[in-house]
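Undergrad: Residues per chain, in single letters:
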Amino acid sequence: MEIHLILIFMICAALFAAETKDLISSLIALSVAGLGLCLAFLILKAPNLAITQLVVEIIYVIILIRATIDKDLPLVRDGRWLFNTVSAMLFAIVFLSFAYFALKEIPVFGQPLMRVSNEYVTSGLEKTGSANIVSAITLNFRSFDALAEAAVLFTAIIGVLAITRKTGKIDEK
Amino acid sequence: MKNKEAPGMSLIVKSVTRLTAGLILIYGIYIVFRGHIGPGGGFAGGVIIALSLVHLMLAFGKDVVLKRLDEARGIIISSLGALAFLILGIVGFLGFKAPFLKERFEHFSAGLIPIYDVVIGVLVSSGLFITFLALVLLTGKREKK
Chain A
41 MEIHLILIFM
51 ICAALFAAET
61 KDLISSLIAL
71 SVAGLGLCLA
81 FLILKAPNLA
91 ITQLVVEIIY
101 VIILIRATID
111 KDLPLVRDGR
121 WLFNTVSAML
131 FAIVFLSFAY
141 FALKEIPVFG
151 QPLMRVSNEY
161 VTSGLEKTGS
171 ANIVSAITLN
181 FRSFDALAEA
191 AVLFTAIIGV
201 LAITRKTGKI
211 DEK
Chain B
32 MKNKEAPGMS
42 LIVKSVTRLT
52 AGLILIYGIY
62 IVFRGHIGPG
72 GGFAGGVIIA
82 LSLVHLMLAF
92 GKDVVLKRLD
102 EARGIIISSL
112 GALAFLILGI
122 VGFLGFKAPF
132 LKERFEHFSA
142 GLIPIYDVVI
152 GVLVSSGLFI
162 TFLALVLLTG
172 KREKK
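Chains A and B are the protein sequences, given in the same order. Our numbering applies: residue 41 is where the first sequence begins, and numbers increase by one. Our numbering applies: residue 32 is where the second sequence begins, and numbers increase by one.
Be aware that a few hints might be false.
[To be verified] Subject to a maximum C-alpha distance of 35 Å in a straight line, what follows is the list of computed DSBU-like cross-link-like pairs (lysine-lysine): (1) B/Lys93 with B/Lys45; (2) B/Lys98 with B/Lys45; (3) A/Lys167 with A/Lys61; (4) A/Lys144 with A/Lys85; (5) B/Lys93 with A/Lys61; (6) A/Lys61 with B/Lys98.
[What the hints assert, rightly or not] Listed next, the stretches of chain B that the computed footprint assigns to chain A, with coverage defined by at least 3 CB atoms under 8 Å from CB atoms of chain A: (7) 48–56; (8) 63–77; (9) 93–104.
Hints listed in this document are in silico derivations from the structure and should not be mistaken for laboratory results. On a predicted model such as this, the values are computed, not experimentally measured, just so you know. By construction, the Cβ of each residue, glycine as well, lies at the ideal position given by its N, Cα and C atoms.
All chains should be modelled from the sequences, with the hints used to inform the complete structure.
TA: Okay, here's the thing in structure tokens:
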């Protein structure tokens, strides 16, 4: 029940973030939607994801506010509101109907416990010694995945630094 | 205001930041080191450490933080974090017929997981702070034009 309330709240916040006129209000609505996602993770009993979501959301809101604080770009609104509204409603109807038929078919969350995940859940503590099953999976059973994730993050940081570098390597004379 | 010319925010913000920035830093380190016991881990703790540096930088201006961790030093620390992850994986090769990323030494608790957490925390904290620094310096340069 609470999860539905939070989902409706997040949809309202996301719609407001998409439709409002100035950038700061849109950012605040976006961060409210992210906070709702954090609460949803807490209700679904995933505190690892909730901590990460909260913290990452704080840092991206700070970066976005810092980047947009004096560049309040006006939005382009021409006279195509009829086409926009009709296409948005059409796509909403299509996606909701597909979601209705697709979500009827999927099993209950985590219900048929697969063989590999059953092994992880039952003997994760003895094999790794980690009481937190999430980090036991991500850093021991699937540590190659964590290595690739670290590589992706490092490459992204290097890319940002290479693009936004102030001065070149060769000093101008 | 006596120090109106000084960079950064007002006196109230600076006084509160003096109290809270160290606590946030310690909390981030705590989250990194207890990643194998409770919720948390290297990524979340690293972001919290980066946030404490961002907090200092927003309150006191960029020169205070740049004295301790500038761009060149940050990229070296971040690279060392990424490299240490790879080296810890290669350690598994030391015994023959052992797979990549296998644990080679017995630890008191949870094997290599806390060490991976610390390494990821180092990588994420310095990397995210450097990214923030690059974005802020870029916008400052654009305003001057």
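Undergrad: Taking the numbered hints from earlier one at a time, note which ones the structure violates and give those numbers from smallest to largest.
TA: 3, 6, 7 and 9
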